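There are 2 protein chains.
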Amino acid sequence: MTSKTGATGVSDGEQVKSKSQLKKEEKLAAKAMKKEQFKTMNKTNTNDQESGEDISVGKYGVLKMIQSSKSVVSDRVFVDVKNIMTILADNSVWIRGRLHTSRAKGKQCFMVVRQQQWSIQVLAVVSDTISKQFVKFCSNINKESIVDIKGKVTRTPSKIGSCSQQDVELHIEELWVVSQSANQLPLLIEDASRPVKGDDDEDQGLNIKVNQDTRLDNRVIDLRTPANQAIFRLEAGVCKIFRDLLTAKGFVEIHTPKMINAASEGGANVFTISYFKGSAYLAQSPQLYKQMAIAGDFDRVFTIGAVFRAEDSNTYRHLTEFVGLDLEMAFKYHYHEVVDVIGSLFTNIFKGLRDNYQSEIKTICEQYPVEPFKFLDPPLKLEFPTAVNMLREAGVEMGDEDDLSTPNEKLLGRLVKAKYDTDFYILDKFPLAIRPFYTMPDPDSKVASNSYDMFMRGEEILSGAQRIHDSDYLIERAKHHQVDIEKIAAYIDAFRYGCPPHAGGGIGLERVVMLYLGLDNIRKVSMFPRDPKRLTP
Amino acid sequence: MTSKTGATGVSDGEQVKSKSQLKKEEKLAAKAMKKEQFKTMNKTNTNDQESGEDISVGKYGVLKMIQSSKSVVSDRVFVDVKNIMTILADNSVWIRGRLHTSRAKGKQCFMVVRQQQWSIQVLAVVSDTISKQFVKFCSNINKESIVDIKGKVTRTPSKIGSCSQQDVELHIEELWVVSQSANQLPLLIEDASRPVKGDDDEDQGLNIKVNQDTRLDNRVIDLRTPANQAIFRLEAGVCKIFRDLLTAKGFVEIHTPKMINAASEGGANVFTISYFKGSAYLAQSPQLYKQMAIAGDFDRVFTIGAVFRAEDSNTYRHLTEFVGLDLEMAFKYHYHEVVDVIGSLFTNIFKGLRDNYQSEIKTICEQYPVEPFKFLDPPLKLEFPTAVNMLREAGVEMGDEDDLSTPNEKLLGRLVKAKYDTDFYILDKFPLAIRPFYTMPDPDSKVASNSYDMFMRGEEILSGAQRIHDSDYLIERAKHHQVDIEKIAAYIDAFRYGCPPHAGGGIGLERVVMLYLGLDNIRKVSMFPRDPKRLTP
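Which chain is which? The protein sequence lines are P and L, in order.
full-length UniProt numbering puts the first residue of the first sequence at 1, with every later residue one more than the last.
full-length UniProt numbering puts the first residue of the second sequence at 1, with every later residue one more than the last.
In case anyone wonders, no lab produced these hints; they're calculated from the structure.
Treat the hints loosely; a few may be bogus.
No distinction is drawn between identical chains; accordingly, a pair holds when it is met within one copy or between any pair of copies.
Stated by the list, open to error - The calculated DSS-like cross-link candidates involving lysine-lysine, where the alpha carbons are at most 30 Å apart (straight line), are:
| id | residue 1 | residue 2 |
| --- | --- | --- |
| 1 | K332 | K150 |
| 2 | K82 | K249 |
| 3 | K410 | K446 |
| 4 | K70 | K332 |
| 5 | K152 | K332 |
| 6 | K487 | K59 |
| 7 | K362 | K410 |
| 8 | K249 | K70 |
| 9 | K240 | K82 |
| 10 | K446 | K70 |
| 11 | K332 | K82 |
| 12 | K249 | K150 |
| 13 | K240 | K351 |
| 14 | K136 | K332 |
| 15 | K417 | K381 |
| 16 | K132 | K332 |
| 17 | K277 | K487 |
| 18 | K410 | K240 |
Remember, predicted model here, so these are calculated numbers, not experimental data.
The shape of chain P in the complex, shown without the other chains:
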């Protein structure tokens, strides 16, 4: 038997049925009724019996909750909406998807059924085989309900602009509601999917927009927009390419603890945990652990995991919890061995996205238009003094050892783009004075260090350096920075028993995705973002 046993659910027992159908269904129906697991979809449907016998009985209704009953054995094969094309014309197919929209028009009901980034039009028209009641039932289903539909694939006379499947539609044969949505939705997918247009667009004011907090408060619905479906698939792609490339280069994946006994970056901006009778902290970076893995002979390691920052920054680009893509690598003579690996990692991520996530990028751009991301292969590498000169030529006043302010960082991005036509570049040789104590000084310079940042569309997405691998020298540099040696004893101890020279870096996953796509808020690329004001859902 198929799962259509639940068909009586729409009738509250009043519906007139063919004998054969009743015979098939009564046994299970009786059992289910006893359990009160039948539901009534829509009262108007059950009362609409004035036209006598419903020729579509057994072809539509609300399914009994799918509970994996032994008695429901179906060999029904479902087709993915994205695969329904003209080649399937005149075949009947089953789909399971969400009712995106439905619009009744006389004896017709036009529905759009959505499946992730794809959608198809479904047409129900009163006919010899489709009853008035069936069409009315279709038009009364709540949006966002999950439905099983059987329909005949039919070529459309003209392209359907509102669907991903533009050349075909389904002519309905059966429809079963699998899971009902509430009648009132806190936001509509249509509104949440509406393309962002320029300020000068005169239609802009007429369209309802969904604000960020409404989206995030109702993330379960918001995530269903085609753009969001694509964003998080692309984000998964970034992680996949990162891992595949590093694994191919001999890196070992490690897992580093998030609960630590001392603040990893000096004590500021750290979350405190009650740990049994004592306290612990949430790691702000896996750096110490990556370095310990290097000192522990793993040679090349990466880790992907949550990173925590107790910064009270309420900006478009700060989160209190984000995903760090971290790597650390021993090298032979020069930290550029590592910079080259990281540079080619990014080039490969950009190529991989461009080549394998074209459909996702297209879908996202339909809602959030952006210039395609440009990059050079091999990537552009500038030294810090060059950047300072470029900024000075553009009128910025800054000292040789000043850090880049956020506005200058962005200006530099524009200057680099104008000059080199790339949205990604590496800035090497940051002044030692503005980097942490464990950064290896450049032995050939009085001011520079062996450290680097990397930028996408003018914003930093990676910070890294050659780390000091000699415990004595580390103590010397810590003292120079007036760091309390006792507090970092465990860190220093990691280098007492021989450690190869090494360098690495940490990448903020969400920033990479936000900037690659040119989005305006990091919350758009964090599935369940955390900021100083948001801990839910």
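Use these hints to put chain L onto chain P, whose structure you have.
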């Protein structure tokens, strides 16, 4: 120039040098000396000048700290120890590795150089080209120091049992210390690598063992043992196979927040965080978020990340922070669609380890011998009542709806192994009474639920279920369990707007690795374990 410019480091300026060498080196040396970055490896070496000119000058010493200087440009090509085989005989190669052991014997010094799981013997013998001073220098290098060695690959007359490379050794030509280890080691790799033998082994008492806490306190050294090198490579393999397989099956990787505003599993055993002016909790499971992703149309998702349990359990198998491999999947009619995916996931993990991590498994078994892991393909699936019967037949008294105690779980594992010859099996249809409120009841049974655990060597490594996807029914079940509806409002809300039937499960990574390898403590497979008494390193 090559990096041997640091050679004068051994001499404190007293060493007699050839003019040409001095010429080459003086410029850089002077600069380096000024910076006081030269080190003296061993005073005995520098004082050992009674024999006149050292014919090996410039062939050994302590390298200046590798700081990525422009002046160090080397085209030296290093060979991996694992690749040094008889085919390379009579070639000179460079290796960088750790000095595992060195043993002076007259005019000879036998060294073993280690590189992760591999090791090779290096021989220094006083000769026409190798000075007495050079050999003495070799014998005085602290164990665990990192060294660059040039040597001629030479066939050995008989196999070298103590090295991974048994048929060849290196006859030394140059040796440079890259990073010195402290003289005193808190533990010796030889001790930490010693095979675990049965209690009846009479040698057992004579060998020094390293206890767990000493290992963990000095994890940077402990991680260097061949077994540990292999364990964490194999662990990375489990994650890789997990992801590759699920990605191939259309699963999307997601990242779920670790900081949440309410305890995910009811409030017990949860760590509290100070979150700005309020509080937050550390997630005990990503389950709610996986389910929200399903309600948000991602269809099939997985996530790998830290999971936190504030349980004061000081056992061999509990950690307060571990790595969860979680998945959740929408299905069409029956949760066995999901159980089958998880079952084949495990089969594929076991096959992948067996086929691609043979060298790691062999290395680990040399220290921790164990019976090879046995599994069936497809995996064995038993129902709970069958397990109860097996236990009763073995003399256990238990009710139909009693949970499995840990001893009974293990006994059952032995019974299943004896009967079916498998170390992995699925136990389906757990009694509803002992599962959480969100578990879908079995509609065909009064006591069973659509839930399952999976076991390796008699211990649970996965727990999962079909979850209730209907908000009304979820409320009904929550009330039945006397769960406060208000506290789980956000969870219930996730299912108000249509959700496909779905099931999933959570796997403890460390348990999988521990049990696959038959290890006796979960701390052996957590790189930096956390338990109620350990937050360091």
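Now for the hints, and whether the structure bears them out:
1. Only between protomers do K332 and K150 lie at most 30 Å apart by alpha-carbon distance; the minimum there is 14 Å, versus 63 Å within a single protomer.
2. Taking the shortest Cα distances, K82 and K249 sit within 30 Å of each other only across copies (16 Å), while inside one copy they are farther apart (35 Å).
3. When the C-alpha separation of K410 and K446 is checked against a cutoff of 30 Å, the pair qualifies only within one copy, where the shortest distance is 27 Å, while the shortest distance between copies is 65 Å.
4. Proximity of K70 to K332 under the C-alpha cut-off of 30 Å is restricted to the inter-copy arrangement: shortest distance 14 Å between copies versus 63 Å within a copy.
5. In this assembly of identical chains, K152 and K332 lie within 30 Å of each other by CA distance solely across copies; the values are 21 Å between and 65 Å within a copy.
6. In the homo-oligomer, the alpha carbons of K487 and K59 never lie at most 30 Å apart, since the shortest distance is 72 Å inside one protomer and 40 Å across protomers.
7. Only within a single protomer do K362 and K410 lie at most 30 Å apart by alpha-carbon distance; the minimum there is 26 Å, versus 53 Å between protomers.
8. Taking the shortest Cα distances, K249 and K70 sit within 30 Å of each other only across copies (25 Å), while inside one copy they are farther apart (49 Å).
9. For the identical chains of this complex, K240 and K82 are neighbours both inside a copy (23 Å) and across copies (29 Å), given an alpha-carbon limit of 30 Å.
10. For the identical chains of this complex, K446 and K70 are inter-copy neighbours only, at 14 Å across copies versus 77 Å inside a copy, given an alpha-carbon limit of 30 Å.
11. In this assembly of identical chains, the alpha carbons of K332 and K82 lie at most 30 Å apart only when taken from different copies (18 Å versus 50 Å within one copy).
12. For the identical chains of this complex, K249 and K150 are inter-copy neighbours only, at 25 Å across copies versus 49 Å inside a copy, given an alpha-carbon limit of 30 Å.
13. In this homomeric assembly, K240 and K351 come within 30 Å of each other (Cα to Cα) both inside a single copy, at 13 Å, and across copies, at 22 Å.
14. For a Cα distance limit of 30 Å, the shortest separation of K136 from K332 across copies, 26 Å, qualifies, whereas the shortest one inside one copy, 74 Å, does not.
15. Proximity of K417 to K381 under the C-alpha cut-off of 30 Å is restricted to the intra-copy arrangement: shortest distance 13 Å within a copy versus 59 Å between copies.
16. For the homomeric pair K132 and K332, the shortest alpha-carbon distance between copies (29 Å) is at most 30 Å, but the shortest distance inside one copy (78 Å) is not.
17. Both within a single protomer and between protomers do K277 and K487 lie at most 30 Å apart by alpha-carbon distance, with minima of 21 Å and 27 Å respectively.
18. In this assembly of identical chains, K410 and K240 lie within 30 Å of each other by CA distance solely inside one copy; the values are 29 Å within and 37 Å between copies.
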